[in-house]
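Line by line, the protein sequences are chains S and B.
The numbers in our numbering rise by one with no breaks, and the one at position 42 of the first sequence is 42.
The numbers in our numbering rise by one with no breaks, and the one at position 297 of the second sequence is 297.
Simulated from the structure, these hints should not be mistaken for lab results.
Everything numeric in this text was worked out from a predicted model, so none of it was measured.
Worth double-checking, as some hints may not be accurate.
Pairwise CB distance ranges, derived in the manner of DEER restraints [said to hold, decoys possible]:
1) B:R388 - S:K314: 30 to 38 Å
2) B:D72 - S:P343: 50 to 58 Å
3) S:I139 - B:V22: 24 to 32 Å
4) S:F298 - B:T77: 36 to 44 Å
Here a beta-carbon is modelled for each residue, glycine too, at the ideal position from N, C-alpha and C.
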Amino acid sequence: MRKRALLAGPSFSVGLALTKFAESLIKEEKKNERKRKRHRTAADGPVVRDGDERDVLGGGDSGGEGSTNRVQARKKPVALDEGDSDDRLTETTPWFEPGSSLDLEEDSVSGAAEICPEWSLPTDTLVAIKMMCAQFPKITQNSVRPFVLRSQLYSSVSDRTTADRELEELKQQQVVRIFKLHSGKDDFAIMLIEDYIKQIEGAKQRIESKRPEEDLAVFDWFQSRVINAHTGASIRHSHLVMLLSQAGDVLDKQITLLINSGLLVRQSSDETTYWFGIPSIGLLLKSLTQGRKELTSFLARRRYKEMIQAVLEKKRLRTSQFDMRFHIRDLLGSGHIYSISTPVGPLIRLSHD
Amino acid sequence: MWRDLNARELGAIRPGLVITNVSSRRLHSLELSTQKEIVSDYDGGINNLQVDRTEGRYLLAGSSDGSVGCYDTLHRTSVESHSRSHIHDAIFKVDRRNPRGHKYAVSSVQWYPVDTGLFVTGSFDHHVNVWDTNNLQAELQFDMPGKVHSVSMSQVATSHMLIAVGSEDPMVRLCDIATGACTHTLVGHRDAVLAVQWSISCEWTLYTGSCDGAIRFWDIRRAGSHKVLDQHNSQMGRRHPVLKSTPDRVRPIPRDAAKESPTKLLKPASGDKSTKTSSSHGKSIAKKVATAKRLHPGMASVENRATAHYGAVTSLTPTNDGQFLVSAGADSRVKLWDVDSGCNTLVNYENTRMQRSKATQLAVSPDSSLLFVPTSTVIRVYNLWTGRVLKTLRGHYDTVNCCEFHPYAQEMYSGSNDRKILLWSPPPPVEVDEDEKEGKDGGASEKGAFKARPDEDAWSD
């Protein structure tokens with residue numbers, strides 16, 4: 001059921017890559033988990049999700065129930081206790097136990113549930129996010145952690161409504177965070193919460209030497225109070241002050257520190273609200289807009305406004321730090337280009353509407 | 001259809017299901033009509049269309065050149081000679097030559113809900129006119145402080161005859177036909193109001209959407225809006241789960257935090273309100289001006305800055321059952337809201353690249369299964385519940401402004417900036433040709449063109 005949904009997406013190769021990535025993750029986890037003891041808790045076993053995830057009418061409610069059961073069954077502190085920061089594959093939440101794989105029939109899923117009650121089948125959206133974060137290019141100049149654009153998510157998961165709903169669930173379970181990017185168009189960046197916490201620490205370390213200790217405490221308060229309580233992309237000033245003052249007396253200059261480090265961004269339309277931001281993302285935003293423009297103009301200059309995807313992916317973009325695959329996925333999701341399957345492979349064409 | 005009738009005869013399906021099956025099959029096969037055509041000669045694009053809900057027969061069209069035309073969708077006025085398609089000409093047209101005719105673009109038209117003797121038009125010349133259909137005279141004229149973007153009258157109202165007017169001014173005005181004056185002023189929005197719709201289930205509830213991105217629900221018997229839709233409040237799926245506790249799913253913006261800090265917004269709002277009086281909350285205004293901190297309980301929603309869209313809200317359309325509301329915004333997103341819970345149902349309508357600055361009109365089919373969204377020069381047909389594109393209707397040469405679905409027949413009308421109104425209907429049934437039929441009226445010259453058999457072509461000899 002899961003595999004069918006993955007492969008039915010707009011890009012066949014993406015779907016295939018997703019399953020391969022997931023299997024490679026399974027192998028990694030099997031290696032790690034053999035060393036750990038398995039905890040059996042009294043928590044309820046996970047509910048097997050209904051196979052028909054596209055049935056919005058009936059599936060909406062059962063999907064809701066399934067998800068809340070999954071929340072109870074999942075152990076959240078597991079996400080924060082791994083050590084290695086460089087290896088992206090192992091730092092992610094171990095979300096399945098050994099002895100299981102993604103290619104499952106219904107009875108073996110429930111069989112797996114008997115052995116390990118905390119394990120539950122990960123959603124398409126989470127697999128897609130993790131895969132794309134792993135493929136994020138390494139940029140050494142600034143320490144920006146991997147993020148995924150929302151339009152890229154739409155091009156990877158077959159059904160947009162399901163992607164939206166699963167993303168909303170992940171947001172509320174505090175597995176990912178969403179940020180609004182200021183690149184002109186409405187882009188949203190999705191970042192895993194472990195990565196975001198590392199960003200906050202990085203921002204704190206950057207100004208550690210220049211500021212007194214008590215001012216820096218606001219970063220810890222921010223991390224402990226605000227991030228856990230508020231899952232939206234924007235926050236009002238009054239609410240922010242209220243949350244921070246639960247931890248200690250907050251001064252205006254401390255909030256200014258947060259703004260200067262890039263963690264909070266003032267909204268142009270509304271003076272009392274802030275967006276959450278990713279520190280030092282300016283260079284990447286510039287890359288994003290220029291890379292998009294370069295790719296669309298490249299296709300527009302061609303005679304028939306199309307190109308085979310395999311050939312296109314080999315090209316390098318002059319103006320962007322991101323690789324071609326990143327931009328292709330982004331433009332596929334926002335609808336500026338579309339993909340046609342041909343006998344020689346997928347073809348990318350510029351849309352003209 | 002014959003299969004359905006046969007099944008009904010045998011008792012395999014319920015009688016009501018035959019109608020549902022036939023109408024949904026016709027709905028899903030909409031295309032540019034070859035049998036019927038509406039003649040539209042205007043000097044400007046068509047901004048708004050409305051079919052009357054009493055009979056489902058007359059179509060009103062408001063255009064950018066200030067004229068309003070009316071068409072009979074049932075009976076044709078003439079027949080075109082070559083293709084034998086029915087031509088529907090305008091029954092009447094009210095334009096600038098009329099003494100109280102609109103001087104600038106007509107942005108919104110609506111029939112009087114009770115009968116087709118009156119219709120209401122709103123225009124960019126700051127007037128809302130109520131016309132008598134038989135005399136074509138403007139019986140009433142209401143003056144608005146800015147360009148009128150949207151007018152609406154409630155279809156289910158039995159005790160009031162109010163026209164809700166959304167204009168450039170952030171305040172929504174309710175004008176009464178019975179008295180000829182503006183009776184209510186609804187305060188809450190912070191920018192021009194582009195979309196105004198009455199609820200289908202309740203005659204007192206009004207939905208408004210404005211350029212600041214907020215959608216507000218008003219109960220006109222009370223002060224202030226009782227709900228502001230927030231795009232971050234979402235629910236999974238169609239029905240809000242009754243047994244789950246609300247805080248898990250919905251996190252509303254804490255009102256107390258908003259009320260504590262005296263915001264800058266408070267002073268200009270109270271200043272405005274002191275100059276404009278309204279019958280429903282005259283007392284509370286004086287109280288508010290005196291003490292800036294204490295708010296009338298109904299006006300607390302003014303502080304609520306939740307937005308439903310990241311840009312202006314350009315269109316609001318309730319579904320026929322009154323339980324859902326479709327909203328379109330300048331951020332090129334179309335959202336489906338559950339009216340009772342006020343939550344976003346997170347249905348994603350792909351690739352809606354719509355007009356950003358102008359009010360558009362979306363259409364929902366009467367059985368609430370299809371959504372018609374005008375996107376640049378085409379109309380995209382979406383499945384309302386899953387958000388997938390079913391079809392793209394191409395036919396217009398310029399940006400499409402409005403779509404209107406016929407309440408009873410499976411027909412859709414669309415108007416665009418290319419000054420045309422197009423009619424979309426299911427394809428005609430394939431004619432079974434008989435050789436004898438051709439032989440019989442071979443003499444009569446009624447059929448001008450040569451009628452080809454299905455296995456023959458008409459151009460070779």
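Cross-check of the supplied hints:
1. The supplied range of 30 to 38 Å is met by B:R388 and S:K314, whose beta-carbon atoms lie about 33 Å from each other.
2. The hinted range of 50 to 58 Å is satisfied by B:D72 and S:P343, whose Cβ atoms lie roughly 53 Å apart.
3. Evaluation of the 24 to 32 Å hint for S:I139 and B:V22 yields a failure: the beta carbon distance comes to about 59 Å.
4. Evaluation of the 36 to 44 Å hint for S:F298 and B:T77 yields a failure: the beta carbon distance comes to about 53 Å.
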